[in-house]
Amino acid sequence: MKVDIRRWALAGTAALALSLGTVAADAKTFKWANSGDVSSMDPYYRNETFLTTFLENIYEPLVRRDKKLALEPGLAVKWGQTAPTTWFFDLRPGVKFHDGTPFTADDVIFSLHRASTGGSNMKGYFTSVKTVRKVSDMRVEIDTSVPDPLLAIKLATIAIMSKTWAEKNNATVAADATKNEENFATRNAMGTGPFILKDRRAGEKTILVNNPNWWDKPAHNLTEVIFTPVVNPATRVAALKAGDIDMMYEVPPQDTEGLKKDANIKVIEGPETRIVYLGFDQERNELLESNIKGKNPFKDRRVREAFYRSIDVEAIKRTVMRGQSYPTALMVAPGINGHVGELDKRPPMLKTEEAKKLLADAGYPNGFETGMDCPNDRYVNDEKICQAVVAMLARIGIKVNLLAQTRSKYFTKILRKADFGPGDTSFYMLGWSPAATYDVHNVFESLLQTPSKETKKGAFNASGYSNKKLDELADKIEVETDKAKRDAMILEATRLYTQDYAYIPLHQQAVIWASRKNIELHQPADNRFPLRFVQVK
Amino acid sequence: MLAFILRRLAQSIAVLLAVGLVAFALFHYIGDPINAMVGQDTSMQEREELREKLGLNDPAPLQFARFIVNSVQGKFGLSYRTSEPVGRMILERLPATLELAFCAAVFAMGVGVPMGVWTGLYPRHWTSRFLQAASLIGVSLPTFLIGILLIMIFAVILGLLPSFGRGNTVQLGWWTSGFFTFSGLKALILPSITLGLFQLTLIMRLVRSEMLEVMRTDYIKFARARGLSNRAVNFGHALKNTLVPVITIAGLQLGAIIAFSIVTETVFSWPGMGQLFVQSVQFADIPVMAAYLLLVAFFFVVINLVVDLLYYAVDPRLRGGMTTASARGH
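Just so you know, the sequences run in chain order A and B.
Each residue of the first sequence is one higher than the one before, counting from 823 in the working numbering.
Each residue of the second sequence is one higher than the one before, counting from 4 in the working numbering.
Everything labelled a hint here was simulated from the structure, so no lab data went into it.
Treat the hints with care, as some may be off.
Quick list of in silico lysine to any residue cross-link-like pairs, SDA-like style, CA-CA up to 20 Å [claimed, not checked]:
{"id": "1", "chain 1": "A", "residue 1": "Lys1231", "chain 2": "B", "residue 2": "Asn38"}
{"id": "2", "chain 1": "A", "residue 1": "Lys1206", "chain 2": "A", "residue 2": "Lys1167"}
{"id": "3", "chain 1": "A", "residue 1": "Lys1235", "chain 2": "B", "residue 2": "Phe105"}
{"id": "4", "chain 1": "A", "residue 1": "Lys1290", "chain 2": "A", "residue 2": "Lys1305"}
{"id": "5", "chain 1": "A", "residue 1": "Lys1167", "chain 2": "A", "residue 2": "Val1222"}
{"id": "6", "chain 1": "A", "residue 1": "Lys1235", "chain 2": "B", "residue 2": "Ala39"}
{"id": "7", "chain 1": "A", "residue 1": "Lys1001", "chain 2": "B", "residue 2": "Arg320"}
{"id": "8", "chain 1": "A", "residue 1": "Lys1239", "chain 2": "B", "residue 2": "Thr45"}
{"id": "9", "chain 1": "A", "residue 1": "Lys945", "chain 2": "B", "residue 2": "Val284"}
{"id": "10", "chain 1": "A", "residue 1": "Lys1027", "chain 2": "A", "residue 2": "Thr851"}
{"id": "11", "chain 1": "A", "residue 1": "Lys1001", "chain 2": "B", "residue 2": "Leu175"}
{"id": "12", "chain 1": "A", "residue 1": "Lys1139", "chain 2": "A", "residue 2": "Glu1302"}
{"id": "13", "chain 1": "A", "residue 1": "Lys900", "chain 2": "A", "residue 2": "Thr1303"}
{"id": "14", "chain 1": "A", "residue 1": "Lys1231", "chain 2": "B", "residue 2": "Gln48"}
{"id": "15", "chain 1": "A", "residue 1": "Lys1027", "chain 2": "B", "residue 2": "Phe183"}
{"id": "16", "chain 1": "A", "residue 1": "Lys1115", "chain 2": "A", "residue 2": "Lys1039"}
{"id": "17", "chain 1": "A", "residue 1": "Lys945", "chain 2": "B", "residue 2": "Asn38"}
{"id": "18", "chain 1": "A", "residue 1": "Lys1231", "chain 2": "B", "residue 2": "Arg229"}
{"id": "19", "chain 1": "A", "residue 1": "Lys889", "chain 2": "A", "residue 2": "Glu1091"}
{"id": "20", "chain 1": "A", "residue 1": "Lys890", "chain 2": "A", "residue 2": "Lys1039"}
A few chain B residues that face chain A, going by a derived Cβ cut-off under 7 Å, partial list only [unchecked claim]:
{"id": "21", "residue": "Val75"}
{"id": "22", "residue": "Gly77"}
{"id": "23", "residue": "Leu81"}
{"id": "24", "residue": "Val266"}
Since the model is a prediction, treat every value here as computed from it, not as a measurement.
Each residue gets a CB set at the ideal place from its N, CA and C atoms; glycine is no exception.
Turn these sequences into a full structure, and let the hints steer you where they fit.
Set out below in structure tokens:
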């Protein structure tokens, strides 16, 4: 009897193995991992790169980005402006959602409304939008309150959802953590994209399958995609080496060298659009954390220059970043609209005596003391970079008291308060990417314009840097639709803030991914990972 | 008996309240969840509104009272991180943690007790010395390192076992089980060993020292004099009398296994409650953390109760005491 059971079990396993084997021959399963899970399947739940890039595989925007980040037709085939304050979008005919319902203007109007209300985190993209009108089933027009040259760019981040599906499942309002009931769209998805959500187990795994009825010709050859969050970096590396995953999205910098030596693995790296920079409190009349009383040394341009030109970004690149950083002189990266290449040159380093002389001229012959705030889990090697800066500034007689802490505490300390009052910092590190628009205006508006509760500009200008001329230019850049005029103003504004030493831009950190040798994929500079370009060989 | 259980339950409520209070006092130091909840472009007013809506501006005692009132009604709210109901998030991850803890405990007991008996009976045998030395590894290496070492050997170099995750699972009602698939069972091996190794060492050493002590006692000599077989002496008389402390420790350790599976779950990316807790700490996801801590406290309370009841089963002297006690109660 016993023998019989064993024989049956054997036969069963063999049959199972056989059937699996035949499936495996033509199925291309792609397994990948990241340090954290996608927080939700609701595309408006968070405005963060990982969530939007993950859901772009299921949901699609009206205009999407190609491999070089340029706009190309997505669910809209044609778009443009009929008047300075009116945009039109001609929709792609014949597109169907994953459940077979056709895609029409109603879905667009519904989605834009959902994204701009309720618990949506995407409201920021709709500040200029006045009305969204349905002209026909295949045409939508949007009226803006002021001319908005960036509207189409902004809509490249807004995924289009199915109206019928959302209404049927009571998910017409974006998911909201402050409500007491769960939103259906948190765990389910209904888009038009190249992949269909098959199974969502939050925190465990998320399975996507190929959409055979996708409107575009697929550049991928995947039949199934399995995404798993693997928190521990060492496990992620081991899983890739063992072949349990095909690709890892975030590679710990210290493991890059080791992975490069593995013949079965390739490391893909490039500069990320985020700029990591240092800022100083130029707003208060007396610094919060300094031994200088009665005045604020950072209001003096010479002090800022001495700081700027005493920090050796190349040394930081060499030692702290192990070569994986791209030093910069600007607050925007190449690839962002409005990056002025001719000004992207850092002034040469000062000799110690020269820097000390600048400080002496400003009235600080013996240097001074200042606090410094730094995250320790937000940017690559953030705390170590700050430590290096502390050492470099010590050489010119500046004593920096570094406070490095976890991001949730750090941001609360340094960011401006709800009433736009300055945050509690004197000298700090921050990173910024104009991910919303891929345009320099976002940086002017958020980081460089004078903070004001009324205009809501300068919300993340933690320094309180203020330059009237730059304010005016930025306001003009916001509504200028003539490209040549706009570029000229951008050049001027860029010159202003670099000459002011408003900030100390350090570098772009590297985006590092790793995959098995048999995987071909495309890595754009915005750290997005479109599955539609993945090939399993 | 009933009075005893009721008294313990009353005590456990006090324990749970205390844990909740300590947890809430700590949450004030983990930072502001708002910045993790919104994108970088979210305006300051919107952040402030969100903070107000979540009640984070209320004084801590009020937040605590609200949490207790809601928890008693089984309402744990929505996670700040994912907007999913906290109760269900924990319930979904509970099977993974309990199955892992169960396997680790079985491994620790199943291997630890025989090893302890062996080394206790033959303390001078070379195998005993070897086991003693080897078991030092179990207590001296951190769980994290053992996990990574096992992954390196069995997943990366030998390619025998999966490096992370739970494999395929089977849905049984709301319970997901990895016991019924080949890949699920394979996935259990490394995490169970990692999690159970420390307990194994502890149990082995405990059983050994207890055995050494018991074997010297008179009744063992008398048992031998009565001509009982080795097996009856060793297991029927000696082992049984070592069990009271072993059960205490094993019981408490089961609680520890569940609570400290955090490290093992993180290393093996095991989709259980421990991993959920770690993710929640990073996001200052207060509702999930609070519910998790209460649940773990609850487990400890229940396990302690079960341990106390087990004493009665093992130790007849206590049983006698109990009947008189309850008789007095009547």
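Structure versus earlier hints - violations, ascending order: Result: hints 2, 3, 4, 5, 7, 9, 11, 12, 16, 18, 21, 22 and 24 break, sorted rising.
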